[in-house]
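*Asks:* Since the structure of chain A is provided, determine the placement of chain B on it from the hints.
Here are the chains, one letter per residue:
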Amino acid sequence: MIGRRGLMAATAAGLAMPSVVSAQGGAARTLRVIPQANLTSLDPVWTTAVVTRNNAFMIYDQICAQDSKGEIRPQMAEGWEVADGGLSVTFTLRTGLLFHDGERVTARDCVASIDRWSKRDPFMQVLQPSVAEVTALDDRRFRFRLHRPVPLLLAALGQTQFPCFIMPERIARTDAFTQIREAVGSGPFRFLPNEWNPGQRSVWAKHEGYVPRQEAVDGLAGGRVPRIDRVEWTVITDPATSANAMMLGEQDYWEYPLHDLLGLMRRNRELVVEQRLMDGTYGIARFNTLHPPFNNPAIRRAVAMALDQRDYLTSVAGADPAGWGVCEGVFTCDTPMANDAGSEILRTRNIDRAKAALAAAGYNGEKVVLIAPGDYPQINTLSLVTADLLKRLGMNLELVAADWGTLIQRRTSKEPVERGGWSIIHTTSSGQSLTLPVTHLFLRANGPNAWFGWPDDTEIERLRAEWVAAATPAEHRRIAEALNRRAMETMHYLPLGYYWQPSVWRRNVTGVFRAPATVFWNMGKA
Amino acid sequence: MFAYIVRRVLATIPVMAIVALFVFSLLYIAPGDPAAVIAGDQATPADVERIRASLGLDRPYLVRFGAWLWDILRGDLGTSIFTNLPVATMIRQRIEPTLSLMIVTLILAVSIAVPMGVVAAWRQGTWIDRAVMGFAVLGFSVPVFVVGYVLAYIFALELDWLPVQGYTPFSRGFFPWMENLILPAVALGSVYIALIARITRATMLEVLQQDYIRTAKAKGVGQRSILFVHALKNAAVPIVTVIGIGMALLIGGAVVTESVFAIPGLGRLTVDAILRRDYPVIQGVVLLFSFIYVLVNLAIDLAYTLFDPRIRY
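Line by line, the protein sequences are chains A and B. Our numbering puts the first residue of the first sequence at 635, with every later residue one more than the last. Our numbering puts the first residue of the second sequence at -7, with every later residue one more than the last.
Okay, chain A solo, but in the shape it has when bound:
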């Protein structure tokens, strides 16, 4: 039986239709992508949405960037020079850098972009008190003048979590809390605003004036060579439809396929299913430490004794252990700070002992409100596993089904559960965020300014500050162990392990490489 594509090909060949041939050529130079979410905002400073950041990697360039080993390498910068005993760091830009509007990239653009970004990036805000000023010396050079040496400056500038993207000065002067209206960068692809239909399609075209680095691509470092004319994102909200579109060749790349559909994708010989992102996704169960019962650390620790990360991970990512990993510490596993000092409690995995610990801690049937976001499959699954755990522990559980929008508003409430508050929420985090104490959101314990749940622990805060000031890897490591030990004592959140999020692409897509974020340079189509 002849299919639609066969019919179209036969018709095109028979009639020798130039337009069809041309359209097919166009498809060969266009990478059609199903992104992980809808691109609603183009400003990577205004919102922290991952989809906006991925879009920004195409439009903008960075001064320096992370390679596949996590090292910071120059990107727009030709290099940097540290002087005055570490109190001055001068960056020099490469020649030939051009914005999409044809203007040259100058040091003033970098200074303005750094200024706007540093008002929102939590990492840079930690370092900011040590920064005296950032000034442009000439068109190609700008300098950080510091009150004291800041060894983490490059790590902040080159980070992937909240990258410092360079915009033209006129745009970067926009208030950091106001969304920019123009997406003009100097990255390998330029955004086509006239083809943007939020919720459906976003399109980028190759930036002809882009001068990539000469080194081979390595993580986000090295040559960011645009090898394709156009990148088109089509939002397909239904996973089954996305799978069908991939199998039929209507799309070339699917960023976040549902784990349930991976088997189906793997059985199709035209598709490649591989882990592309370098970090796993970590599950987090966060306690509200302001109100009973979880204002009692002994009760939090009792719940931790019942926990088995494998229950969570198999529920989210399936039974194949290659798809997930147990990680019984607060730092991302297999990174320099990772350790399990004091983590024995997470290996208890015993309901009876947990029940006994709960009783000994004085649990008296206080209501526990757990909010599960039904429209967020992974987080909802994590929530339901915890709900089951709490029921088995005999806790007085109220499971509230909500959507994500409701959850993120309700989690801001510091009220007790009787007045609309909450007891436990779940979220996920990229491994990158949990790599260092300074970027680790869930480790912070500075009371009202901490992440939702508002834990207050002076020891954790003291250790964190000590880590920022430490100068050697050995010191960093020692403090990280102390932090892990303290985190296991206070148990402000339950680490739930990590799962991998593979991507799917058609076999004719070339140049796919592993990176800390989903980016599309270096990729082409055979």
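Just so you know, the hints here were simulated from the structure itself, not pulled from any lab data. Positions of the beta carbon are idealized from the N, C-alpha and C atoms, including for glycine. There could be a bad hint or two in this list.
What the hints assert, rightly or not - To be clear about the criterion: a stretch of chain B counts as covered by chain A if any three or more of its residues have a C-beta under 8 angstroms from a C-beta of chain A, and this derived list gives those stretches:
| hint | segment |
| --- | --- |
| 1 | 20 to 30 |
| 2 | 41 to 48 |
| 3 | 69 to 75 |
| 4 | 150 to 156 |
| 5 | 248 to 254 |
*Replies:* Same frame as chain A, but now just chain B:
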């Protein structure tokens, strides 16, 4: 008649005002905060507050409602909180796929369901009647998304006759446009066909019992003429009413169908906006849907005069 139309059009103004007040108030009291969505996980409460203030979400209810209403009266539906694009632009980008889907579904449904209902009534009690009624029960019972998946599996994945997702604008040609709409229209139309077929059958059965039908038969008028000229015209008023009421079904069903077939229409725009609490977009789309529904009802009322000369306005 003209005076009636003017009166009805003027009557839409208070209706739309009530809808506007209702929609705005509902969103005001609904949980959710776009500022928290924008700020993301790493933001401090102070960051969220600053974003809320920059969006004007910290202003009192009456001030916000007044400002929004004033903009509406000037023809400005506002700007999306997230995309920074005018709501009117976003609606313009999305209205063609939804209208296309609804029109094709409507044509498909009416052209299939009315003859089905007529034939079922004509052959009451036979296997044809039972088959039609069985189909109607199935159409009502099976959710639109299930029909959509089954159709996509058979006609896209297995037979490779039609695309599984997407939308091609009409400006790129009739056939590419139609190619993308066939499966969604059949899926969306299944409930609609069932509804119209059932009501057509019931109404026709009643009309076919009338004396004038017996007289027509006695006079030797042909069966087809009796069914489609004499009976159907007199049965048309309730059928047209149901077609009008069914527009609400279509609007609701379009949300699901657009998701299953990845059609960039107003349904998906609405769902996306609701999940993110993009208030101006939700308000704009709901107002538009309400306006369309009011207009459809007006059109249905006027259509009665075509089928029943006794109805005068």
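*Asks:* All hints are to be evaluated individually against the structure, with a verdict given for each.
*Replies:* Okay, the hints, checked on the actual structure:
1. 20 to 30: holds (count 6)
2. 41 to 48: holds (count 3)
3. 69 to 75: holds (count 3)
4. 150 to 156: holds (count 6)
5. 248 to 254: Contact hint for the segment 248 to 254 of chain B vs chain A: holds, 4 residues under 8 angstroms.
Consistency with the previously given hints is maintained throughout, with no hint failing.
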